[in-house]
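Novice: Got chain A; can you put chains B and C on it based on the hints?
Residue numbers (the numbering used here), protein chains in the order written: chain A, 1 to 139; chain B, 140 to 278; chain C, 279 to 417.
Derived by calculation from the structure, the hints in this document are not laboratory data.
Positions of the beta carbon are idealized from the N, C-alpha and C atoms, including for glycine.
A portion of the hints provided could be inaccurate.
Computed footprint of chain B on chain C, listed as stretches where at least three residues anywhere in the stretch have a Cβ under 8 Å from a Cβ of chain B [as the list claims (entries may be wrong)]:
| no. | segment |
| --- | --- |
| 1 | 290 to 303 |
| 2 | 310 to 324 |
| 3 | 352 to 363 |
| 4 | 368 to 374 |
| 5 | 378 to 391 |
| 6 | 399 to 407 |
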Amino acid sequence: MKHYRHELWFNVPTRRAFINVTPQIAACLHESTIQEGLALVNAMHITASVFINDDERGLHQDYEDWLEQLAPHEPIHQYHHNRTGEDNADAHMKRQVMGREVVVAVTEGRLDLGPWEQIFYGEFDGRRRKRVLVKIIGE
Amino acid sequence: MKHYRHELWFNVPTRRAFINVTPQIAACLHESTIQEGLALVNAMHITASVFINDDERGLHQDYEDWLEQLAPHEPIHQYHHNRTGEDNADAHMKRQVMGREVVVAVTEGRLDLGPWEQIFYGEFDGRRRKRVLVKIIGE
Amino acid sequence: MKHYRHELWFNVPTRRAFINVTPQIAACLHESTIQEGLALVNAMHITASVFINDDERGLHQDYEDWLEQLAPHEPIHQYHHNRTGEDNADAHMKRQVMGREVVVAVTEGRLDLGPWEQIFYGEFDGRRRKRVLVKIIGE
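Isolated chain A, as found in the complex:
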């Protein structure tokens, strides 16, 4: 069995953003030389997501609006968590809706994705350095 590990680093200048990381994950897979297996891609921080969906700006605006409606950032004092001095409780909720991780099949050395599947880093509390872990196992 082969195994591969790599960290992707982000420093998003805004509080929230969606970043297409598919090319970076494909580059990791190429570097791993793994032909058949599973690729795990997960946020290493608990106010960020890795998810798969469409690379369409209007949809990303819809996600932003929808998540803000499900778990509003303000008023900040509505959340117990923010009494610890944080202001990111909403980010911990948004991340649960969008998910922590994706597992992608690796087939014949490629990410085995459907026609419109793209892998995104979802940042909900940016403006600092944060990481995504890529772990691939297989042969």
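Specialist: Positioned in the frame of chain A, the structure of chains B and C alone reads:
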């Protein structure tokens, strides 16, 4: 290490539906001859889900009602994504709540599921051909 | 390829609770002697979750309040599922928001977690014996 890949195809006649695919995944596992490992089952489309829950009609009606409340289909023009000519922005949201994929343990050649766990394909924008990927690795 | 399987049992005295299971998963990994691979941790019941987030009491209270707002327990008769004699339809929804499972990378014999990542069992319909499955594959 052994590996196995199979696609399941669906053409749901309605916009939304939940379909129990557990027997088909069990058949894939049998065909793979893998005894110990992990089975990934994921929607290959971004307006559909694979999830695990109960095979109970009332609950499925509740999911339908609840998801429609969290991310209503109409009015269609409330979503930026639908200005591209689509009418399925809500389906991209419903899918995030229900999830893209499940990873199921394989033990002694069986899907290692709890007593009520059943694997479902969740369609949120049907009436066309769409796929689910089954990838199993192990030995 | 090595493989390891273990069940964790819970009997939560309340309807809902969040329990940090990271030390137990780390003990499983140690017992497995697997150095590189993937660890799947999943609820075997469909009214419970396994998820990764912060071990902070205020945040857990926020999750409790937020999930209750997204999928209220009462009135019980608002859910079709509860006409079967159950009163836990809301638990089936809360579990979908928080997720069934996590997949964690195993690197150099350790759970490859970010600085604040902790693994939780999320109970939404307790007061009875329920299980979590730990399956680790690798070498």
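Novice: Each hint needs a verdict: does it hold in this structure or not?
Specialist: Hint check results:
1. 290 to 303: n = 0 at 8 Å, threshold three: violated.
2. 310 to 324: holds (count 7)
3. 352 to 363: holds (count 6)
4. 368 to 374: holds (count 4)
5. 378 to 391: holds (count 3)
6. 399 to 407: violated (count 0)
Of the numbered hints stated above, those contradicted by the structure are hints 1, 6, listed in ascending order.
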